[in-house]
Amino acid sequence: MIKLTINKKEHSVDVDPDTPLLWVLRDTLNLVGTKYGCGVAQCGACVVHLNGEAVRSCVTKVSRAEGKKVVTIEGLSETHTHPLQKAWLELDVSQCGYCQAGQIMSAAVLLRENKNPTDQDIDDAMAGNICRCGTYLRIREAIHAAARIQQKGV
Amino acid sequence: MKKRYELPGRTIAVLVCLSSLIIFMNFRFKTQSLNRKAARQSAHKEILLEAAAGKDSAASVKAFAEVYKVLMSPRCMNCHPSGDVPLQGDDSHLHAMLPKRGKDGKGLYAMKCTNCHQPTNLEGLNKPPGHPDWHLPPANMKMVFEGRTRNQLAKQLVNPRTNGNKTMQQLIEHADDGLVKAGWNPGEGRTLPPLTHAEFKKAWITWIETGAYAPSAKKQSGTK
Amino acid sequence: MEKVNSNYSRRAFLRSSALVGGGLMIHFSGLSRFSPAEKLGNIDLPEQWSEINGYVKITADNIIKIICPNPEFGQNVMTSLPMIVAEELDVEWKKVIVEMGPHDNVKLGPQFTGGSNSVRMYWRPLRQAGAAARHMLKEAAAQTWGVPVEEVTTKAGTLFHENSGKSARYGDVASKAATIAVPKDIKLKDVKNFNVVRHSQKNVEGEKIVTGKPLFGVDYTQEGMLIAMIEHPPAIGLKIKSFDASQTLQMPGIKDVFTLKLYEEGFEQGGFDTRTFNELLVVVGKTTWEVMNARKKLVVEWTPAGDTKDYAGGRNGKTERIVPGELETTEKQYQKMREYADRPAQQLRKDGDPETAFKNAAQIIERTYTAPFLAHNCMEPMNFFAHVTDEKALLVGPLQAPGWTEPTLVKLLNLPADKIEIQMTRMGGGFGRRAYGHYLMEAALISKKIKAPVKLMYTREDDMTYGVYRPMYTATYRAALDADKNLVAFHVKGGGIPEHPIHANRFPAGALDNYLAEGWQIPSNITTGAFRAPRSNFNAAAEQSFLDEVAEAMGKDPIEFRLELLKRAKEKPVGKNNEYDADRYAGVLKLIKEKSGWNKPENKKYNRGVAAYFCHSSYAAHVVDMVMKDGQPYVERVFSAMDCGIVVNPDAATNMVQGAVVDGIGNAFYGGLKHKDGAALQNNFNKYRIIRINEAPKKIEVSFVQNDIDPTGLGEPPFPPVFGAVANALYRTLGNRLYQQPFSVPATDKRAF
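Protein chains in written order, with the numbering used here: chain X, 1 to 154; chain W, 1 to 224; chain U, 1 to 753.
Honestly, the hints are just simulated from the structure, not real lab data.
Hints are supplied without guarantee of correctness; some may be wrong.
Stated by the list, open to error - In silico EDC-like pairs for lysine to aspartate or glutamate, Cα to Cα no more than 16 Å straight-line: (1) K699(U) with D123(X); (2) K8(X) with E78(X); (3) K103(W) with E113(X).
Because the structure is a prediction, the values reported are computed rather than measured.
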């Protein structure tokens with residue numbers, strides 16, 4: 001049994017410790033907001049927070065998450081009002097939407113570490129997340145918008 | 001701390017000029033550097049004495065040729081890039097998604113090395129190789145390998161100002177550093193460095209102990 | 001007010017109308033109920049719905065639900081199609097609940113996402129559905145109040161009778177309305193009075209997307225569901241010789257390993273029944289990771305399949321096609337294309353006497369363009385859930401063409417169509433790939449075999465190496481100039497594997513006295529399919545790059561040159577069957593010229609490339625502004641002009657065009673799948689480069705031509721001309737033209753990064 005803390009809730013899962021966290025989230029715990037895109041840490045669809053860092057759950061063995069705090073898109077904000085979620089809706093960023101959870105989870109680390117990111121900072125933080133629909137311009141805008149929301153506290 | 005490392009740098013600067021006139025090699029450690037006060041206090045002393053005792057420019061340069069082959073192999077060079085983005089693959093292309101070095105060499109924001117590079121390798125092709133301390137050299141000490149000639153790299157390696165503040169003893173020990181050794185455990189589908197780790201370590205120590213001579217800037221042969 | 005007739009259609013008619021791709025009619029279904037599709041969402045809704053017609057359901061509590069008939073893959077139809085209903089129904093958009101409909105051709109029409117069809121084929125039917133429902137509600141109120149229906153008015157979901165001061169919410173009369181006959185003549189709103197359509201509305205699933213709700217096929221689960229994966233041959237042209245699954249079966253969680261035939265010998269395939277491998281080696285287990293792991297332990301011996309036969313059904317009976325068994329290699333494919341290009345080809349169109357004109361020409365410009373196979377690389381890999389029993393089948397997942405998939409399922413499962421339920425999930429991208437439902441068939445057969453609910457999962461590697469690519473294309477363009485540098489003849493000869501890309505009746509056909517178009521094709525076992533306007537996106541790269549070069553040779557501005565040709569096509573068109581409207585085509589060029597500040601001195605710092613193209617009844621033009629960044633060409637800014645008629649949801653349409661521009665830049669620079677001995681050389685994103693945020697432009701300014709033409713295509717039309725505009729900007733950036741896609745220029749100076 002592996003003990004995990006996901007979105008502030010404790011879980012005990014009976015899986016091979018080498019199982020990627022992604023599949024424990026999706027198949028075992030039915031937290032399917034975290035997506036499978038490539039399985040080799042190339043696309044960022046599977047980004048979750050592990051002790052606050054934007055790890056790629058498709059290559060993160062569940063054993064690495066033991067005793068650490070995992071946050072997924074479902075738990076990014078209890079009320080679904082994280083500045084990024086607000087900004088994403090305000091700018092209507094999504095097309096197919098499949099990559100957006102990963103985009104938001106990556107952007108959340110950027111915004112935490114850099115309250116007022118420049119376009120270059122956004123590129124540096126977000127180039128690991130592929131959006132096949134090409135919504136990058138809105139992602140960029142939404143991160144700027146979220147930074148403003150975060151600063152104003154609204 | 002800082003002061004301790006200033007000395008060898010100055011020493012080198014002086015000696016480069018002196019020695020290059022006399023001998024074929026344009027750089028080496030000399031025994032007289034040991035007379036300097038700071039060096040006496042440091043761990044350099046023993047090593048340099050040893051090196052001096054066994055100094056052999058030809059053997060040293062020969063050993064470095066082997067060392068150089070390894071350091072310029074993708075497994076070492078890819079994390080010692082000339083820019084701020086690591087390299088990737090056996091062809092040392094720019095790392096996909098352009099992760100940046102960051103101040104501490106550990107990446108930036110959502111693109112920190114260990115977000116993908118796990119404590120251990122993962123089974124399967126194309127998976128990020130693993131090590132608990134995966135990182136690049138920090139921004140204030142980039143320790144670039146890419147594009148360095150033998151001469152440049154040798155000089156860079158023995159100079160604490162450019163080698164990560166390492167003493168000669170620490171340099172020797174660095175051969176057994178976990179991240180260095182990870183080069184010989186690169187994960188599926190990646191070629192190994194051209195020497196075994198044991199061969200590399202032997203060449204590395206030989207190079208240092210025989211005087212850590214840098215090959216001539218002019219006469220270069222073999223691999224780039 | 002316009003008047004149109006609604007029609008009452010039988011299933012058979014709808015099917016045939018879906019196949020011819022136009023003239024859609026709808027059937028209003030009176031009181032029949034839907035099977036609830038809420039399963040996938042988290043909407044907690046009452047069940048007491050009065051179904052006014054197939055698209056509109058209302059509760060007594062005045063909750064209004066509009067059903068989206070067409071699969072959603074990011075083109076925003078789940079918002080834009082219900083908006084059309086809401087407009088005519090006259091309800092407050094913000095209070096409407098939108099739900100994806102089940103697969104039901106009778107109630108919901110052809111249900112096909114592709115060919116930039118969704119809005120244009122549903123535009124009239126959905127307006128009629130909304131208007132009919134509104135009329136039925138008015139009728140119900142009139143009967144309840146005992147007043148003439150003409151005196152009943154509506155506003156934002158409420159019915160009024162002015163004279164008596166009576167009012168009622170739609171919900172109050174919904175159950176009565178559901179019993180009223182569908183009106184024969186339906187009055188539609190004047191487009192000038194639209195207050196939902198033409199006003200930007202947010203994606204109805206936006207919140208679910210950003211909070212990680214289960215929306216996609218891969219997210220679907222059911223009690224007792226197993227996971228299946230297919231180990232397909234490592235190369236196209238191979239098949240299984242033998243396999244040993246003993247180690248696999250010992251792996252934890254593994255239930256079964258077996259082979260299965262997709263189509264029986266002689267099976268008549270429909271147009272979307274494309275499949276690359278017929279014999280499936282299936283691994284079934286409890287969880288995705290367990291199956292992924294266990295697959296690695298399979299010991300399989302593969303052998304060349306040799307030439308095989310495919311059979312196509314159709315009006316003219318069964319036709320046979322030989323699928324060559326060669327294990328193909330990219331370099332050899334290019335070589336073969338060069339050989340074929342020199343041979344005589346099929347004439348597709350000829351105007352005037354091009355041969356003589358070329359013979360007498362003072363100057364001939366001839367250029368050859370090539371483009372590789374492209375993989376769709378939808379972010380959500382192919383997958384489908386299936387639960388097939390002896391009596392019925394439930395299939396849930398991402399699919400663009402349920403209507404075309406169902407007949408094949410009927411044959412494969414030997415079940416009647418009404419026992420097959422297909423639920424359409426939101427798709428993580430499609431781009432044409434999910435029109436080919438082989439993965440759904442595979443899932444169904446696997447479920448039937450193991451007698452359990454199962455989700456078939458493709459890994460990224462399975463997905464990228466499976467086939468169904470954008471074809472490989474080439475075209476040689478020739479232009480003849482006279483001594484005064486007038487363009488006197490034009491010749492295009494295009495070919496490809498396995499089809500040629502030429503649209504012979506498109507621009508510049510119609511604008512030139514002497515014109516010749518020819519095509520040839522090379523059969524191949526590499527499967528291909530739709531890819532965001534597959535032929536057009538190649539043509540727009542080649543032709544638009546060539547026209548630029550011709551303009552330069554003629555000493556003309558590239559936009560003026562195109563406008564002159566279009567003027568000719570408008571005033572004195574050559575030949576017949578010209579597909580495009582020269583005015584609308586010129587319209588987007590004029591708009592882009594204005595919006596981009598073409599030839600304005602302040603834009604001189606950019607290397608500018610322009611291109612325009614027509615497809616799917618719409619017109620698109622782009623001006624791409626390129627600079628060198630980090631030693632590489634970078635598209636910093638783009639201006640886009642679109643004419644797609646009435647724009648239903650302007651902000652979402654803008655998003656779509658911006659996405660098409662980014663996708664176009666990405667594919668122009670990096671897209672391309674190579675083969676060696678039948679094996680795809682790229683199997684994941686580390687080898688198949690996808691454009692990333694740092695490579696995307698800083699700004700894409702989109703302008704729409706304002707007119708009242710019924711909506712035309714939008715998903716595809718802005719995509720093709722991006723390739724041409726990029727090619728033309730690259731010429732100005734690099735000083736030389738690139739003729740072979742992809743255009744990416746390797747980084748010369750890594751230190752720049």
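Okay, the hints, checked on the actual structure:
no.	hint	verdict
1	K699(U) with D123(X)	holds, 14 Å
2	K8(X) with E78(X)	holds, 10 Å
3	K103(W) with E113(X)	holds, 13 Å
When the structure is compared with the earlier hints, no violation turns up for any of them.
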